[in-house]
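**Q** Here's the letter readout for the chains.
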Amino acid sequence: MTVWQKLRPYGMVAPAIVIFSMFFIYPIFYMIYLSMFDWNFVSPTKTFVGLQNFRDLLAEPDFLKVLSNTTVYTALTVSLTTGLALLLALWLNRKSLFHGFVQGAVFSPHIISLVSISLLWSWLMDPEYGLLNWVIGLAGFDPLQWLSHPSTALVSLVLVAVWKGLGYNALVFIAGLQSIPAEIYEAAELDRSKPWTTFMKLTLPMLSPTIFFLVIINLIGSFQVFETIAIMTQGGPVNSTNTLVYYIYEYGFRYFKIGYASAAGVILLFIVGVLTIVYFKLLSRRVHYR
Amino acid sequence: MAKIELTNISKRFKDETVIDNLNLTIKDGSFTVLVGPSGCGKSTTLRMIAGLEKQSGGDILIDGKCVNDTPSGMRDVAMVFQNYALYPTMTVRGNIEFGLKNRGVAKSEREKLIKDISEIVGLTPHLDKKPQSLSGGQRQRVALARAMVKQPKVFILDEPLSNLDAKLRGQMRTELIQLHKRLGTTFVYVTHDQVEAMSMGDEIVVMNKGVIQQADSPMRLYHDPANLFTAEFIGTPAMNVMKRSELSGLDVPDGSAAGYVGFRPEQALIGAGPEVEGWVIDGEIMTRESLGSEQIYQIRSRMGVFFVKAFLAPLVSEDRVQVTIPCGQLYFFGADGERLRGIEARPLQPAAGGAKA
Numbered sequence: 001m002t003v004w005q006k007l008r009p010y011g012m013v014a015p016a017i018v019i020f021s022m023f024f025i026y027p028i029f030y031m032i033y034l035s036m037f038d039w040n041f042v043s044p045t046k047t048f049v050g051l052q053n054f055r056d057l058l059a060e061p062d063f064l065k066v067l068s069n070t071t072v073y074t075a076l077t078v079s080l081t082t083g084l085a086l087l088l089a090l091w092l093n094r095k096s097l098f099h100g101f102v103q104g105a106v107f108s109p110h111i112i113s114l115v116s117i118s119l120l121w122s123w124l125m126d127p128e129y130g131l132l133n134w135v136i137g138l139a140g141f142d143p144l145q146w147l148s149h150p151s152t153a154l155v156s157l158v159l160v161a162v163w164k165g166l167g168y169n170a171l172v173f174i175a176g177l178q179s180i181p182a183e184i185y186e187a188a189e190l191d192r193s194k195p196w197t198t199f200m201k202l203t204l205p206m207l208s209p210t211i212f213f214l215v216i217i218n219l220i221g222s223f224q225v226f227e228t229i230a231i232m233t234q235g236g237p238v239n240s241t242n243t244l245v246y247y248i249y250e251y252g253f254r255y256f257k258i259g260y261a262s263a264a265g266v267i268l269l270f271i272v273g274v275l276t277i278v279y280f281k282l283l284s285r286r287v288h289y290r
Numbered sequence: 291m292a293k294i295e296l297t298n299i300s301k302r303f304k305d306e307t308v309i310d311n312l313n314l315t316i317k318d319g320s321f322t323v324l325v326g327p328s329g330c331g332k333s334t335t336l337r338m339i340a341g342l343e344k345q346s347g348g349d350i351l352i353d354g355k356c357v358n359d360t361p362s363g364m365r366d367v368a369m370v371f372q373n374y375a376l377y378p379t380m381t382v383r384g385n386i387e388f389g390l391k392n393r394g395v396a397k398s399e400r401e402k403l404i405k406d407i408s409e410i411v412g413l414t415p416h417l418d419k420k421p422q423s424l425s426g427g428q429r430q431r432v433a434l435a436r437a438m439v440k441q442p443k444v445f446i447l448d449e450p451l452s453n454l455d456a457k458l459r460g461q462m463r464t465e466l467i468q469l470h471k472r473l474g475t476t477f478v479y480v481t482h483d484q485v486e487a488m489s490m491g492d493e494i495v496v497m498n499k500g501v502i503q504q505a506d507s508p509m510r511l512y513h514d515p516a517n518l519f520t521a522e523f524i525g526t527p528a529m530n531v532m533k534r535s536e537l538s539g540l541d542v543p544d545g546s547a548a549g550y551v552g553f554r555p556e557q558a559l560i561g562a563g564p565e566v567e568g569w570v571i572d573g574e575i576m577t578r579e580s581l582g583s584e585q586i587y588q589i590r591s592r593m594g595v596f597f598v599k600a601f602l603a604p605l606v607s608e609d610r611v612q613v614t615i616p617c618g619q620l621y622f623f624g625a626d627g628e629r630l631r632g633i634e635a636r637p638l639q640p641a642a643g644g645a646k647a
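So the protein lines, in turn, are chains A and B. Read in my numbering, the first sequence has 49 at position 49, and its numbers run on one by one without any break. Read in my numbering, the second sequence has 638 at position 348, and its numbers run on one by one without any break.
If you're looking for bench data, these hints aren't it; they were derived computationally from the structure. Wrong hints could be hidden among the right ones.
Stated by the list, open to error - Over the 12 Å line for every Cβ pair with chain A, so calculated as not near, a few chain B residues:
1. E465
2. G549
3. E565
4. L602
Unchecked claim - Below are the EDC-like pairs computed for lysine to aspartate or glutamate, each with C-alpha atoms no more than 20 Å apart in a straight line:
5. B/K344 x A/E189
6. B/K391 x B/D349
7. A/K194 x B/D366
The beta carbon of each residue, even a glycine, is placed where N, CA and C say it ideally should be.
Isolated chain A, as found in the complex:
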């Protein structure tokens, strides 16, 4: 082999490597580096503090509240989005004009900017003049405080996230359902399988790669929720909707405590990384790939 032949593959992947390193690898390591300093973004000197930022973070009740908020938000969003999308997909998985229309309608939030969605839902959820409270009033119930009360604010944000994610998730599920050959259902019918048995023994296991994919995507997305919180609640009321990424943003770009914010970023990276690895290890064995 000539030198050229040896080097050529490296040359081919070099552009990708350079871009990946500059925008993914370098920032991660720089964040880990910054997490061990006390710095305000502008001062020429960075003070090395070791692991002090992490100690401060974990001793801070607000931060622990942020962690629990994020966990609750993620658990609710992932389970509701995936579960409802599966039900919706089972219903939508047939060909008619009406089903096609519903599918398109449910999918449309996916392509709308989150900023618009946040503003829209802020209006809808307005306790005084919002459409939601008007509908609830018509049905004879007491109005809800939605985003203005600590007990309902986080769930309201979950509602928005589920509404936005449902169509995309359902679409992916429909694709998964349609990849199951019709003959398998016919064979099950001839085997006297009841609809519920068919669903549990055949449909669900054959959808497992789809479920696996969507849970991972939703999990990572929910852990990094930011836009809706920044626009709709700014973490309030009383810190009840403050989540990890919003917390990092506030400390980094409002209080300019870069080291502290980076430390929180490292923790987020750690959590998402561990979750992903655990999920892959635990569930990939039970996922059925054709």
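Go by the hints and put chain B onto chain A.
**A** Same frame as chain A, but now just chain B:
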């Protein structure tokens, strides 16, 4: 075991009528093959018997009972699909067991049945594997085992061998025939391959465009076709058919309605000489296919191209030949394709053919 009767069956998909007024009786214990070109309605007929497709009109009776409103699982019918349709999420054992479980068969009974069946089809070492790790032939056996274990009244097989390679197909063909003998159950088998139909069926139903052309035993189908379609569909190469208006050297009685004359490639003799009496055609050999025991010649004559098949004869090396067809081996068809019987044609005797040779 059961007889299947279809009376006045029709099937429409939206505006398109696939099958119109079809009547068919499938004999108890028979190996009936539905055969025809793709789109002829044979699979649709099969699926209606299985209950996977609802007929638009008419009655289906299995074992004397009308099953129009019986769901497919309750018809006592087992089906083998073209692409096997095995449950990919279950092991081989799970696949075979699924139907039994749904019927509430006890575990000990299930295990015994699975053991017996897997021995018959030779799957015992593979019971705990997933279908994905099996070969095509093994998957086919799982599909068969899954059908057999339910001990159905009727076996339905929808082109079960078309995904296998040629050698395995031949082997499975024999195994299916043996299986049918052993079980004695009614088999309904769909294929587009007339060779498969001829070799397996004891009753063959030839279909075209949703209409039954002929339902008969293989030998009668071959020797006594009811119409032009069956005549041309059964046999390899197909029957040679010539328009009456283009004939030469043959005298067809003027009064007859014959529109076409046909003869089987294997009935034509090359270079037979004057001792064989018959219709003599001059032609030029265009291609020779030698398969060892038999040779197939493509011959161009003034009436068009036709085929001649010879058995255990040396390959003919001349290019210009005389082909003799004994007059008793000619088939006559009306202009509408219906078979005409009792027509006696005579060779014209200017002896021109003989003089040329």
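**Q** Please go over all the hints and tell whether each is borne out by the structure.
**A** So, going through the hints one by one against the coordinates:
1. E465: 21 Å, holds
2. G549: Fine: 43 Å to the nearest Cβ keeps B/G549 off the interface.
3. E565: 59 Å, holds
4. L602: 45 Å, holds
5. B/K344 x A/E189: 14 Å, holds
6. B/K391 x B/D349: 31 Å, violated
7. A/K194 x B/D366: Cα-Cα ~16 Å, so holds.
Hint 6 alone, counting from the list given before, is not met by this structure.
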